[in-house]
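Enquirer: Those protein sequence lines, which keep their order, are chains R and H.
Residue numbers in the first sequence follow my numbering, run continuously in steps of one, and reach 147 at the last position.
Residue numbers in the second sequence follow my numbering, run continuously in steps of one, and reach 241 at the last position.
Keep in mind that the hints are not guaranteed to be accurate.
With a cut-off of at most 30 angstroms between alpha-carbon atoms, the simulated DSS-like pairs for lysine-lysine come out as follows [unchecked claim]:
1) H:LYS107 x H:LYS203
2) H:LYS203 x H:LYS230
3) H:LYS102 x R:LYS119
4) H:LYS227 x R:LYS105
5) R:LYS105 x H:LYS172
6) R:LYS130 x H:LYS230
7) H:LYS223 x R:LYS105
8) H:LYS200 x H:LYS162
9) H:LYS227 x H:LYS209
10) H:LYS227 x H:LYS200
11) R:LYS105 x H:LYS230
12) H:LYS230 x H:LYS127
13) H:LYS127 x H:LYS210
14) H:LYS203 x H:LYS223
15) H:LYS162 x R:LYS119
16) H:LYS107 x R:LYS119
17) H:LYS162 x H:LYS127
18) H:LYS102 x H:LYS203
19) H:LYS172 x R:LYS119
20) R:LYS130 x H:LYS127
21) H:LYS127 x R:LYS119
22) H:LYS127 x H:LYS102
23) H:LYS162 x H:LYS172
24) H:LYS127 x R:LYS105
25) R:LYS130 x H:LYS227
26) H:LYS102 x H:LYS162
27) H:LYS223 x R:LYS130
28) H:LYS107 x H:LYS200
29) R:LYS119 x H:LYS194
30) H:LYS203 x H:LYS162
Take a look, some chain H residues computed to stay more than 10 angstroms from chain R by CB distance [stated by the list, open to error]:
31) ALA91
32) SER121
33) LYS210
I should point out that these hints are in silico values taken from the structure, not numbers from a laboratory.
Every residue, glycine too, gets a C-beta built ideally from N, C-alpha and C.
This is what each chain is made of:
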Amino acid sequence: MISTVSDVFHSSLRKLKLLPVGFVVAAGVLSSFWTAAVAATAPQRVQIEGEIIDTWCYVTEIMGDAQGTAHHLCAVWCAIGGIPVSILGDDGQVYMVLRVESEDTNVANPTIVNIQTHKVVVDGDLYERDGVKYLFVDQVADDKGVVNLNHEDYGIIPFGE
Amino acid sequence: MKALSKLLVTSVFSLSVALGTAHAANEWGIEHEEAKELDGKVVDLACELSGNCPSNCGDGKRQLGLLLPDGTLYPVVKGGTNFAGGTDDLIGQCGKMVHVDGLLIKDPLMTIYFVQRVRSEETGEWSKANQWGKNWKAANPGKKLGRWFREDPRVAKIVEKSGKLGIPGLVYVEE
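If we strip away everything but chain R, and leave its shape as in the complex, we get (with noise of 0.2 angstroms):
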């Protein structure tokens, strides 16, 4: 196909008179992007009570109720293991603890690891992302320890020993 002087001319003229339109869908484009990023990356800050458990067991109830005295050794081996830790906050939400205090690691960080089943206190940022609560932890403001005894109706969880 051959094209004439006015062809371009015309063709020109019209992209000319899309720009506007052009303009219009990219800010919105760029708009929504920048919506999602600013959503994603802006935290939320709260305190949360509540429990340290192992979140793989408490979520999928493979254990049951994966909580309390019954289930810390089976806590403690996921946490070793590398499955993330959260705390399960006395609003019966859970919270995938991404960071401790000053502590730049989150898989099997002995700091995690050794706070297992504790009951806590804890000041940090709260993000929320497609169906999960990320919580950056960067005080402790109070440990109480293991106060959830339930092994005395439960047992040990799993294999009884």
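Position chain H against the provided structure of chain R, taking the given hints into account.
Expert: Showing chain H alone in chain R's frame:
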């Protein structure tokens, strides 16, 4: 006729392989689970959320997630070894796209992913997501991987200090 039967056998075999790989994740009967293959970029969760980003996704010391092309972020909380996570299976692909197979569990409390297999981008071959176990075995020669949680020295140290119930001196005696 012989050619036709050969074609039939080949077709059935191909179909069975295709079906076998289509939903190869082992289902656990967990509420809200879905066998799901995912394509996503391996990311350090803490980095993705807070902008605190050490090199190489924290070298295996940070929890990892999959960032899907549509921007969805899933934490990978479990790998193929009993009582162990999936970080060791994905850390070699930090910042890269991977194709994985496993269980996506969209529990109202939390959405999590259990990686069971990882497909090599180079060969297309699937491998089991059991790198944690391999690493543990290499670090603990002579010990049984099937009982790693009973034989791990870090676990033993914690149990020695605070007991199996988490409270020093408290012992459970089955009645």
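Enquirer: Hint by hint, say whether it matches the structure.
Expert: Status of each hint after checking the structure:
| no. | hint | result |
| --- | --- | --- |
| 1 | H:LYS107 x H:LYS203 | holds (28 angstroms) |
| 2 | H:LYS203 x H:LYS230 | holds (24 angstroms) |
| 3 | H:LYS102 x R:LYS119 | holds (22 angstroms) |
| 4 | H:LYS227 x R:LYS105 | holds (18 angstroms) |
| 5 | R:LYS105 x H:LYS172 | holds (26 angstroms) |
| 6 | R:LYS130 x H:LYS230 | holds (18 angstroms) |
| 7 | H:LYS223 x R:LYS105 | holds (21 angstroms) |
| 8 | H:LYS200 x H:LYS162 | holds (22 angstroms) |
| 9 | H:LYS227 x H:LYS209 | holds (22 angstroms) |
| 10 | H:LYS227 x H:LYS200 | holds (28 angstroms) |
| 11 | R:LYS105 x H:LYS230 | holds (17 angstroms) |
| 12 | H:LYS230 x H:LYS127 | holds (25 angstroms) |
| 13 | H:LYS127 x H:LYS210 | holds (24 angstroms) |
| 14 | H:LYS203 x H:LYS223 | holds (19 angstroms) |
| 15 | H:LYS162 x R:LYS119 | holds (25 angstroms) |
| 16 | H:LYS107 x R:LYS119 | holds (20 angstroms) |
| 17 | H:LYS162 x H:LYS127 | holds (18 angstroms) |
| 18 | H:LYS102 x H:LYS203 | holds (29 angstroms) |
| 19 | H:LYS172 x R:LYS119 | holds (13 angstroms) |
| 20 | R:LYS130 x H:LYS127 | holds (27 angstroms) |
| 21 | H:LYS127 x R:LYS119 | holds (20 angstroms) |
| 22 | H:LYS127 x H:LYS102 | holds (26 angstroms) |
| 23 | H:LYS162 x H:LYS172 | holds (24 angstroms) |
| 24 | H:LYS127 x R:LYS105 | holds (25 angstroms) |
| 25 | R:LYS130 x H:LYS227 | holds (17 angstroms) |
| 26 | H:LYS102 x H:LYS162 | holds (19 angstroms) |
| 27 | H:LYS223 x R:LYS130 | holds (22 angstroms) |
| 28 | H:LYS107 x H:LYS200 | holds (24 angstroms) |
| 29 | R:LYS119 x H:LYS194 | holds (29 angstroms) |
| 30 | H:LYS203 x H:LYS162 | holds (27 angstroms) |
| 31 | ALA91 | holds (14 angstroms) |
| 32 | SER121 | holds (12 angstroms) |
| 33 | LYS210 | holds (15 angstroms) |
In summary, this structure violates none of the numbered hints.
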